[in-house]
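Asker: Sequence:
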Amino acid sequence: MKIAVLLGGISYDSQKRTINGILDKAILDKANVYIFTCDGWKYEIPSKYEKGEYNIYRLPDFTKYDGVILNSDTIHDPEAVKEIADRIHAAGIPCVDLNINNPGFMHVEMENRNGIQEIVEHLIAKHHAKNIFFISGPEDSHDASIRLHAYEDAMKANHAEWSEEQIYYGDYSYDAGRRGVTKFLEDASVRPDAIVAANDEMAVGAILALKEAGYRVPEDVIVTGYDDSDIAAYSYPRLTTVRRGEYEAGQFAYNNIVAAIRGEAVEEYTVIPGHAMFSESCGCADCRDADGAQMRENYMKQNVKAHREMEVIKNSSVEFTKLMKMDDLFETLERYIREIGIEYFYLCTCDSLDHYDRELERIMNGGGFLRDTSAYSDELWVPFAYERGEVNNYGSFPKSMLLPEECEMKRAGAFYIIMPIHFQDYCYGYCVAGDYRSAFEGRFYQNFILNLDNAMETIRKQDAMKAMVQGLNHKMSEHFK
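Note that our numbering gives residue 28 to position 16 of the sequence shown, counting from 1, and the numbers run on in steps of one.
It is worth saying that the hints were derived from the structure and are not from the lab.
Treat the hints with care, since some could be wrong.
[To be verified] List time: in silico PhoX-like cross-link candidates among lysine-lysine, alpha-carbon distance up to 25 Å:
1) 63 <-> 411
2) 142 <-> 60
3) 422 <-> 37
4) 94 <-> 14
5) 94 <-> 411
6) 60 <-> 14
7) 473 <-> 60
8) 76 <-> 94
9) 334 <-> 478
10) 60 <-> 411
11) 63 <-> 94
12) 76 <-> 411
13) 337 <-> 326
Keep in mind that this is a model prediction, so the values were computed, not measured.
Using the sequences and the hints, build the whole thing.
Answerer: Below, the structure written as structure tokens:
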């Protein structure tokens with residue numbers, strides 16, 4: 013059984029929990045899961061970089077899969093989402109869309125209202141908060157819009173006054189929480205008693221900004237978040253937040269896909285409720301089991317891990333960008349893959365090395381590119397494959413296969429993380445990491461792939477410059493003969 017999963021912002025805790033919910037079921041079933049993802053997360057008009065990232069969603073040939081799990085609310089390019097949906101419909105395979113109710117797809121929704129309403133009612137009834145402000149997500153985000161309306165409805169239901177000056181539209185980042193607090197303190201006609209944030213990162217940013225401005229949390233201003241992410245547990249004070257059922261949603265989505273593939277009856281619409289988790293940032297005792305010693309140990313482990321990963325990112329950046337030849341890149345890449353601990357890694361390129369040389373020759377003679385450099389070519393190559401300690405390479409294979417038939421990773425019960433390799437909107441290909449959960453635990457793997465992107469662009473530009481200089485020298489020598 014082959015299941016494609018498409019989602020964006022893979023480094024966020026919410027996506028990590030969704031993926032783990034899918035994988036923990038799929039691996040037991042010996043199903044293969046292909047996760048197409050990228051680092052694109054901006055809500056404004058996509059830049060060239062974002063377009064290069066979103067290109068990964070055009071890679072899968074859905075006729076080669078038995079079903080799809082799509083989280084379209086995390087892919088912030090409406091054209092890309094529509095194209096994905098059209099191609100899934102054309103392939104005639106079942107699909108579950110998380111959070112967005114796409115016509116013709118099953119739907120698993122992680123509802124966004126209940127937790128926000130519980131928090132607002134709690135702040136009013138227990139903590140007697142009157143001026144409750146809200147830091148929202150982006151205006152064009154489906155989830156953010158529902159959370160904002162839940163805040164507004166809860167305020168009305170509890171006869172609490174509010175105005176537009178009490179709302180700030182952020183982008184789910186720490187900085188957005190800081191900016192929201194700055195706006196509230198400088199521009200609002202009243203001081204907030206409480207700030208409800210639409211995610212934990214913005215809540216933590218708000219707490220830091222309040223402390224810097226001389227306010228105590230929760231004594232002077234209460235702050236709450238949403239998502240029950242890792243940062244909520246480690247923040248001080250510990251964050252009151254909303255636990256959302258991403259893990260459960262991932263499992264429901266997988267179960268529905270499997271049932272649909274087998275021709276069994278399925279629930280077309282499933283709702284996973286969220287609920288508030290009250291804690292120190294609103295002035296309550298923590299409702300979760302909190303082992304201080306265990307938290308300190310986990311924090312220490314994370315710090316050590318983060319330091320090691322930062323060293324890898326720094327060192328690989330320095331080494332990759334000074335390389336002059338593709339062969340040197342592959343040799344250096346092997347060393348880092350071993351150090352990182354990835355069992356299977358495939359670099360799939362739109363050009364073979366021979367094709368690359370022919371393109372350089374064309375450039376030398378004043379010609380252009382041999383292919384559409386903004387898209388994946390129909391034929392691909394694997395010039396570098398790392399398979400459980402052994403380095404290989406594979407010849408051409410059709411794009412629809414994703415990986416060559418003979419590669420060692422082709423086995424039951426495996427999962428694949430597929431990410432784009434590009435520079436701006438110039439598409440080099442993609443990479444596949446097999447059975448590597450660390451790919452969606454923090455930003456380390458995405459930053460490592462970004463270093464690889466930059467290395468390939470540096471080598472290509474150096475080679476192109478050399479080819480142009482050689483071509484110019486040849487023309488000059490012919491002219492003066």
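Asker: Against this structure, judge whether each hint is valid.
Answerer: The hints, checked one at a time:
1. 63 <-> 411: Measuring from Cα to Cα gives roughly 19 Å; hence the hint holds.
2. 142 <-> 60: Between residue 142 and residue 60 the Cα gap is close to 45 Å, so the pair fails against 25 Å, i.e. violated.
3. 422 <-> 37: 19 Å, holds
4. 94 <-> 14: 22 Å, holds
5. 94 <-> 411: Given pair residue 94, residue 411 holds - Cα atoms ~21 Å apart, limit 25 Å.
6. 60 <-> 14: Answer violated: residue 60 to residue 14 is near 31 Å, above 25 Å.
7. 473 <-> 60: At roughly 18 Å apart (the allowed maximum being 25 Å), residue 60 and residue 473 satisfy the hint.
8. 76 <-> 94: The given pair, whose Cα atoms are some 20 Å apart, holds under the 25 Å limit.
9. 334 <-> 478: Satisfied, since the Cα-Cα distance of roughly 16 Å is no more than 25 Å.
10. 60 <-> 411: Holds, because 23 Å separates the two Cα atoms, which is no more than 25 Å.
11. 63 <-> 94: Distance of about 15 Å is within 25 Å: holds.
12. 76 <-> 411: It holds: about 11 Å lies between the C-alpha atoms, which stays within 25 Å.
13. 337 <-> 326: Roughly 20 Å separates the two Cα atoms, so the pair holds.
Checked against the numbered hints listed earlier, the structure breaks hints 2, 6; every other hint is satisfied.
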